[in-house]
Amino acid sequence: GAGVSQSPRYKVAKRGQDVALRCDPISGHVSLFWYQQALGQGPEFLTYFQNEAQLDKSGLPSDRFFAERPEGSVSTLKIQRTQQEDSAVYLCASSPPREPRLGYFGPGTRLLVL
Amino acid sequence: QKEVEQNSGPLSVPEGAIASLNCTYSDRGSQSFFWYRQYSGKSPELIMFIYSNGDKEDGRFTAQLNKASQYVSLLIRDSQPSDSATYLCAGQDSNYQLIWGAGTKLIIKP
Chain A
1116 GAGVSQSPRY KVAKRGQDVA LRCDPISGHV SLFWYQQALG QGPEFLTYFQ
1166 NEAQLDKSGL PSDRFFAERP EGSVSTLKIQ RTQQEDSAVY LCASSPPREP
1216 RLGYFGPGTR LLVL
Chain B
85 QKEVEQNSGP LSVPEGAIAS LNCTYSDRGS QSFFWYRQYS GKSPELIMFI
135 YSNGDKEDGR FTAQLNKASQ YVSLLIRDSQ PSDSATYLCA GQDSNYQLIW
185 GAGTKLIIKP
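The listed protein sequences correspond, in order, to chains A and B. Residue numbering for the first sequence follows this note's numbering, starting at 1116 and increasing by one per position. Residue numbering for the second sequence follows this note's numbering, starting at 85 and increasing by one per position.
A hint or two may mislead.
Claimed, not checked - Only pairs whose alpha carbons sit at most 27 Å apart, straight line, appear in this in silico BS3-like list of lysine-lysine:
no.	chain 1	residue 1	chain 2	residue 2
1	B	K126	A	K1129
2	A	K1193	B	K126
3	B	K151	B	K140
Worth flagging that the hints you see were computed from the coordinates, not collected in a lab. This one's a predicted model, so the numbers in the text were calculated from it and none came from an experiment.
The whole structure should be built from the sequences, with the hints applied where relevant.
Structure below.
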């Protein structure tokens, strides 16, 4: 079946520009995670949804970062007034209902802020 | 501060030999551990997960967990050039949040 998809795959933004990154999880997956991965580093947790509820947003680095999942399926990560340090790969992962531990990752969105 | 530590490598192993990847963690509350493989420019792919002390085998892969020593390892038998990748270790806390290591780069030399 179809896996997790993310769009756009690549995004170049000018500093100060707002960006929106989309994640389409695997159908039926209740849990959805966003991660930020800098070059040469492991992923860093940003936020976690269970259905439409955002249960943990402790990893969001600043109030410029906002995530939503209004209908419990597609999720959007929005970054306002982008800064150069926001340049990274943004990974989305979803998990099936009975195995919330098992994250299936999307291909990621590579964001470059100039 | 919850941490997962891995040697960044690169770890170079001849084809056909056993590759041994290691990981230590600081959070005694972590119960589940995961090994992901990540090819350059690609997203992480789940290889194995382990919840209980001891060994868990799946094909050429064996995960080992020692909760007393807070140590997780991944063994890859009969290493193939296609196993060359970065291997990420992650521990999961009670809130289902994954704490990731920075990864070990593995190179299998033909």
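Decide if the proposed pair is consistent with the structure: B/K151 and B/K140, CA atoms, cutoff 27 Å inclusive. Satisfied, since the Cα-Cα distance of roughly 14 Å is no more than 27 Å.
Checking one constraint from the list: CA of A/K1193 to CA of B/K126, max 27 Å. Satisfied? The given pair, whose Cα atoms are some 22 Å apart, holds under the 27 Å limit.
Within a Cα-Cα threshold of 27 Å, do B/K126 and A/K1129 meet the stated pairing? With a Cα-Cα distance of about 24 Å, the restraint between B/K126 and A/K1129 holds, given a limit of 27 Å.
In summary, the structure agrees with every hint in the numbered list given earlier.
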